[in-house]
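Chemist: The residues making up each chain are set out below.
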Amino acid sequence: MIPAAFDYTAPASLQDAITALVDGGEDAKLIAGGHSLIPLMKLRLAAPSLLVDLRKVPGLHGVERQNGHWRVGALTTHTTLQTSELGVVSTVAGTIADMQVRNRGTIGGSLAHGDAASDLPAAMLITEAEVTLQGPDGQRSVSAADLFKGYMTTDVGEHEVLTEIRIPSLDGWGYGHQKFNRRSEDWAMVGVCAVVKASGGVCEDVRVGLTHMGSVPLRATATEEALRGQELSPENIATAAEQAAEGTHPPTDLNASVEYKQHLVRVLTRRAIADAVGAG
Amino acid sequence: MSDLGGPLPMAWVPPGVEVNNPEHWPLARGVVRHVGEAVAVVVGEDRYAVSDAVEDVVVEYDPLPAIVDPEAAIAAGVGGDLVHEQFGTNKVHEWSLPGGDVEAGFSEADVIVERRVVNHRIAGAPIECRGVLADYRAGSLTLYTSTQVPHFVRLFMALLLGLGEDHVRVVAPEVGGGFGQKLQVYGEELFACWASRKLGHPVKWIETRSENMSVAHQGRDQISHVRMGAKRDGTITAFHVKILADFGAYNMILTPLIPSLGAFVMGGCYKIPNVQTDITGVFTNKCPTDAIRGAGRPEATQMIEVTVDQLAHELGMDPLEIRRKNFIPKEDFPAATATGVIYDSGDYHKTLDKLMEHVDVAAFRAEQAQLRERGIYRGIGFCTWTEICGLAPSRITGPAGVGVQAGLWESAMVRVHNTGAVTVYTGTSPHGQGLETAMAQITADKLGVDPAVVEVIHGDTSMGPEGRNTYGSRSLATGGEAVAKATDKVVAKVKAIVAAELEAAPEDIEVSGGKFSVRGSPDKGMALADVAGVAYIGAVPEGMEPGLEETTFYDPENFVFPFGAHACVVDVDPETGKVNVVRYVAVDDCGNPVNPMLIEGQIHGGVVFGIGQALYERVYYDENGQLTTGTFVNYAIPTAAEMPSLETDRTVTPSPVNSLGAKGVGEAGTIAASAAVTNAVIDAVRPLGVDYMNMPLSPMRIWEAINQGQGASPEGGSRS
Chain H
100 MIPAAFDYTA PASLQDAITA LVDGGEDAKL IAGGHSLIPL MKLRLAAPSL LVDLRKVPGL
160 HGVERQNGHW RVGALTTHTT LQTSELGVVS TVAGTIADMQ VRNRGTIGGS LAHGDAASDL
220 PAAMLITEAE VTLQGPDGQR SVSAADLFKG YMTTDVGEHE VLTEIRIPSL DGWGYGHQKF
280 NRRSEDWAMV GVCAVVKASG GVCEDVRVGL THMGSVPLRA TATEEALRGQ ELSPENIATA
340 AEQAAEGTHP PTDLNASVEY KQHLVRVLTR RAIADAVGAG
Chain C
353 MSDLGGPLPM AWVPPGVEVN NPEHWPLARG VVRHVGEAVA VVVGEDRYAV SDAVEDVVVE
413 YDPLPAIVDP EAAIAAGVGG DLVHEQFGTN KVHEWSLPGG DVEAGFSEAD VIVERRVVNH
473 RIAGAPIECR GVLADYRAGS LTLYTSTQVP HFVRLFMALL LGLGEDHVRV VAPEVGGGFG
533 QKLQVYGEEL FACWASRKLG HPVKWIETRS ENMSVAHQGR DQISHVRMGA KRDGTITAFH
593 VKILADFGAY NMILTPLIPS LGAFVMGGCY KIPNVQTDIT GVFTNKCPTD AIRGAGRPEA
653 TQMIEVTVDQ LAHELGMDPL EIRRKNFIPK EDFPAATATG VIYDSGDYHK TLDKLMEHVD
713 VAAFRAEQAQ LRERGIYRGI GFCTWTEICG LAPSRITGPA GVGVQAGLWE SAMVRVHNTG
773 AVTVYTGTSP HGQGLETAMA QITADKLGVD PAVVEVIHGD TSMGPEGRNT YGSRSLATGG
833 EAVAKATDKV VAKVKAIVAA ELEAAPEDIE VSGGKFSVRG SPDKGMALAD VAGVAYIGAV
893 PEGMEPGLEE TTFYDPENFV FPFGAHACVV DVDPETGKVN VVRYVAVDDC GNPVNPMLIE
953 GQIHGGVVFG IGQALYERVY YDENGQLTTG TFVNYAIPTA AEMPSLETDR TVTPSPVNSL
1013 GAKGVGEAGT IAASAAVTNA VIDAVRPLGV DYMNMPLSPM RIWEAINQGQ GASPEGGSRS
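So the sequences go chain by chain: H and C.
The first sequence begins at 100 in our numbering and counts up by one.
The second sequence begins at 353 in our numbering and counts up by one.
Derived by calculation from the structure, the hints in this document are not laboratory data.
We put the beta carbon where it would ideally sit given N, CA and C, even for glycine.
Certain hints may be false.
To be verified - So the derived label-pair ranges between C-beta atoms look like this:
# : chain 1 : residue 1 : chain 2 : residue 2 : range
1 : C       : Tyr400    : H       : Ala109    : 16 to 26 Å
2 : H       : Gly234    : C       : Val985    : 32 to 42 Å
3 : C       : Phe716    : H       : Glu330    : 38 to 48 Å
4 : H       : Arg143    : C       : Glu397    : 18 to 28 Å
5 : H       : Arg143    : C       : Ile479    : 18 to 28 Å
6 : H       : Ala109    : C       : Asp421    : 51 to 61 Å
7 : C       : Tyr400    : H       : Thr108    : 18 to 28 Å
8 : C       : Pro415    : H       : Gln329    : 53 to 63 Å
9 : C       : Gly431    : H       : Asp197    : 49 to 59 Å
So here's chain C without its partners, still in its complex pose (with noise of 0.2 Å):
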């Protein structure tokens, strides 16, 4: 198998910062690292022979330590346990995002609040896991791939394969969920190219469920050391995390990178002088973490959200007081914060103003002693938060930015054919969003037509232009303003035809009712198709190419940032500990919606996420490396028997980083919902001596809690 190609891609190189990245094989080089990496490819002519040959597979294993702990795994040094021993460690690497001073800033506080936060490991879990097929025939190689990422994919497929781009198409069909898992280059591509070109023979491979589970990569996994200062007042005046982020066994394509994008917004939606985050990783004897909804930005969350409460019971505060004491003010916007990150737009007052016209606190207050007297233990907690997201800028990204190893730009061309019918094609690559309705609508608002003519091609290399594929909330914000860019271009040409042929100047042509007219004479008007008609087969002005065809590439100079107010109230059984989650509102701010439907969606299935890490889900390996939730029988994805109705409402503050004035909203309920679930728990059981817990905030995880209670708790401290 020496030409089956690798190492595995990781495509994260900051400068200035060494990263310690082993090679990654396709299949395991003499050592296994973690539980599911392979060691063996059957290829068969039928599945269930091929099931059978597997279990003839007979593997003799040399037991090695299990590193599972990434407390005692960075602790390791030479000679101690190590997943790789070549680096006389198990770090990964150490990154810091300094801003302002926080020892000066901790110097100025009158209260400090630190807390131990766990942001434990979960699964992507989409309920379709991946599927391969490769076809290598006369020297070109079509790969259909259940993926978020096409033209990555085929990028590194050609490379690792030694074949010409131009060679590789790869299409991504409708996907069945992604969350991350599927913004990956997987050996399992990997070996269906190589086994095809091998045999001649296309060559499928689908995943189960266990496979997905122990193979496809997980998220989070990040224990933090978290310092918070405050004058009496409540002022924020400094905020230090420390984290330690296990990444499993290996770099996958920017395993190293996700802590980051939460550093980005470590001072979440207040205007703290100083914040500083300190990264460290670690190599464990797991699966490897990546991207995984959200990415770095729900454990940020986490640890802002949850030590405000915290920091707010310090002080004696109303929790919703010192957020809004601390919020950054809309007058500030566009607003630097201390580590130099630019939030584009933001009104953090409004969306709480609104979060209040659904929620009456004083009117919970008192329903909560009440419940108490009768043995109910009712909390109701909070999450004002924003994110980065809308991955782009490339000169932010890009090599000599952040030092991800790609342009992150979009494109999209969109094509007017003859009859007036159009095909937008975009190198983002929907998988399940909805985005193909939200596009075709931005076009078709141009053009004056029905979004119904309106086709969106997507997930296919070998159509339209090079793309950068879909993940980090950037779809809409990049992929959506390119369409709107391409459509832009197409709509100048068309009033140029039209203006030529209504004999009027293109400024005075304007699209309404279906036509393109002259504005002030409605009535004589050129409809789409009769514009198409004159670019393909009239005559079209002097000196003008025929068609109509546009083509964007699109860089936008930010990010974008959206925002909201969540609130999580729950009832906490204080005998058995078992939460239930009675009421969920969500409000959000994702700058100018396209198709609210479909922004509720995705709010809907956030939230879900957030509500299933912070009660249910957890991938956990025990202390012999062992993946024990390999399974949907004891990976708990909540299920709708689980949720209470969401209760949704939106404020618009558009985004000025693009025309359309959107933001990302893919994963925004998630990076909201575990910290507003965390504290309405906190809160539900202080009168029980909680004052602190980490996730997951499982029934028996709550009944000690409680049964510890009355005391200091076990995760953190305080000083005043």
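Here chain H stands alone, though its shape is the one from the complex (with noise of 0.2 Å):
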């Protein structure tokens, strides 16, 4: 549980990060939290020759709303989230590991490292967020949907800092978040957040997410495409939920098949929008 000898660096700017990583090449890699990194490297599954740390850099901290949308830093931490009002988003950030993770891990650093069972992820695809990213070349924005490529791979480039996080309010939504796990710490078995917008008691607008059903998040379009439009009664949720599994993937471990899991995501989806019904 040593890793490998490495260098640091903590800049004082965004500019001098970017500029640490340009210089310090390949295996430089940034670190914020560090509750992913830092295992991986003590397993000695990653082995960066530098380390740049971003506590230092200005400006990446914090919730703030600004008009139709929350801006928030991407070292914000899962606590802050967790005690922000952002709805489904503070309640999935409430159910990341333990309080000790919450209180280092970042939602920035948790999108960058795109671990396919991390609970942000599937919550930034339902919520249709975009990632800021500042490279040597000058910034772009990345939505959420495109963010995530492959098993622990994201369209974050390698001398790119992903620096803030802008995501709608979505405002008079109904949310909820069921994740499924065998113990209250663990990373998510399966996990589902749904977001949705009635009218009457007709779903105007549905949004639902998975997570660990893939090797990056997903959203269940099978199910929101059979719920829009139709009315919000328990039949119909449960009749939509049903579809949720289409088309996945799912990773399997000793304790989860694929059957077990696309079982779970059915279950799992009813009850979310069940609960984002009651919420709204």
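From the two separate chains plus the hints, produce the assembled complex.
Modeler: Here is the structure:
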């Protein structure tokens, strides 16, 4: 549990951080809360030659309301998200691991790491959030839908820093979150988050996000399509939820087969939408 | 490394039983037989540099077939896939404990229930992994090691390194949990000593969690075919158990003995005239198994208590009624069981009655029915159990008896200092249980002093007498009794001194209010410090040696047999299979309590250990022999969030074996809990067509069982 040797720098500005990444070559890595990277390094599954720590970079913390969305700094901790009023994002953040992890782990680190079992990526999909990436050649925005490319692979470039996340506020939407794990502090075996916009008992719009049902977070589009425009009755919700596993290829382990996870995702989708309707 | 020493010891030589025992070298020689088996040692001056150097060790392996499934392994013969070619079989040994005539018993039965009971492999998982510091200098070795058994480690380090025992000192400092895993003599201890001698430097080794999960011995891993027969009225006539025990790749210090410990109590707390246990040990390409908290008795209890429930269901009887009908009545104690084991004391109705004060079964059944209508599947499970502990009687456990190559007595030395301060040396090796407090209480009570002035020293072979360490819930019943006996000797001398000083007869001296005084004259008396002054500085009576220090080696006449009645209430989510433990009530009887708070602590920890096995924890090797549960991410120890607030109560039935009337309690909760949980889960999902399930009761397995429901269970059948 001792990592290979590495260099460390904590630049005081975003520009210096980007420069350090460029100068550090391909084995330079950014570190934020360290709760994904450090364990990998201790197991020697990752061996970066240089860690560029963002902790001294100003302006990367905090949650603020701007017009119809929330601007969330990349170094905002899960605990801060949990205690803010971000609807489904706050609820999801409150289920991440344990309090020690939530106090250190950051939203930017989690999204850039792109672990399919992490909770926040699916919440970004259904809120249709955007991230800002700052690199040597300037700044760009990427939607959550385009951010997650594959297993532990995101669109964040080698020399880019994920600086902020813009989350539409979804005022008036109901939301629900169902996380299934064996122990309360475990990663999700399957997670489902849902947001529903209802009008007179009818589903005006619905978005359902799935965690750990593939190598990237997914939207349950078949379920969404089946429910959109329908009356939000328990029967209609159940029928729509039956399609939640469509097209999924979930990773498996000793405690979860493909069949079991696809079953779970249908059950949890029904419950998450029901929660969203109840909370809306 | 020819001077490294070895092979590592296996200390069970049962008379008349052949045990295939391969040489177990601390470094693999030619063949690596399980993931984690050491192949090289790297020593350096800096932990970081050593970690880098380990990365540079490149080993080329020629793949061999992985022998993982114990049932396939035992079927393999000459020419098949064998863990140790030289034996021509994967069988380690066969051992039977017959009692009565089981076939005659089954012929009297109206109903026979058969089940295949799987007790899966688990880890000890102490929060403190192992750690070793060896310091060899000037011909003497000092070894600090995180162990339960410093005295055994000293003996074997001396033997394996060719040193005199007098030149080996082993210290077990404050140890952060053992759970049986540290009842062992490990190759890593030997490496550190060897390297220190070789290099003339102290050498330290600190284990990582991943190493602990793959190398430190594991537990359970038995597949048993059980048959229980009963008359229509519920009277159990026979119980026959055939255990296939997966020992992994090697026999460690007591590996093949472990299932036998269960055989000694295979009748549980029931009066069953015919009980037989047949054990077959088998090698596989996995980490060796050995004693893990309960060691054979949780497995036995699971077989008995789950099968009794199955039998009750088959007979249409209440599960508590069948238990009460078959309890050994309290008049029978000391009670000889069918296999010849003598239970020391028991009152099983009393603990169950006490449990019923906490659990209203009729109200529960009404609530259960209501909840089911709302789609909530709640179940209740019971476990009424006894076990064998206080591991001692040398005449039974030793070479001529069961075959353990050690006397399992226990020692204590009590020293009253000049000032009246007291030091107690125990040969046991407490590692987190709080035994220091209990032992100090025993001595303090007898000497009329505050327990705060009594210091208990343990786990250092250079201090106090030779000892036999801590395991098998033995430390109070053997070590505590040794402390009591050594203190009694001191008290006798104190009384003689006081009698002489006060011109009275020793038999008239009593201790009260912190003083030794003549009965009836409490004002005139001597405090312990005054007596010590006479013993060391003043004039002791004619013919008496000076000083105030006594030693005892205590070897009891029998084991002790704690017992209890536990109830577990669970909710099972019928859609996901997830279990929520709603309530757990434990009524235990461990004889006279010395320190109730310490007993509570042991029961709490033990119950969580058993719930952990039933619902969460599992060591798993895939078909390639790869360990897939090597960290706490996938080896799921329950956390506080998964546990209900445990409810505990106690009855007191003293043991006649020792003067304290005490029994063991360190393993009790673990022995009881997994069966109570299993019975509760089965009770919850019976309406969904599930009659029987084996652990681990993971959500997916329960979901699968519910899916298969409405028919015969996949794990066993029954006939009437």
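Chemist: Next, verify each hint and record whether it holds.
Modeler: Hint by hint, here is what the structure shows:
{"no.": "1", "hint": "C:Tyr400 with H:Ala109: 16 to 26 Å", "in the structure": "21 Å, holds"}
{"no.": "2", "hint": "H:Gly234 with C:Val985: 32 to 42 Å", "in the structure": "33 Å, holds"}
{"no.": "3", "hint": "C:Phe716 with H:Glu330: 38 to 48 Å", "in the structure": "40 Å, holds"}
{"no.": "4", "hint": "H:Arg143 with C:Glu397: 18 to 28 Å", "in the structure": "21 Å, holds"}
{"no.": "5", "hint": "H:Arg143 with C:Ile479: 18 to 28 Å", "in the structure": "23 Å, holds"}
{"no.": "6", "hint": "H:Ala109 with C:Asp421: 51 to 61 Å", "in the structure": "52 Å, holds"}
{"no.": "7", "hint": "C:Tyr400 with H:Thr108: 18 to 28 Å", "in the structure": "20 Å, holds"}
{"no.": "8", "hint": "C:Pro415 with H:Gln329: 53 to 63 Å", "in the structure": "56 Å, holds"}
{"no.": "9", "hint": "C:Gly431 with H:Asp197: 49 to 59 Å", "in the structure": "53 Å, holds"}
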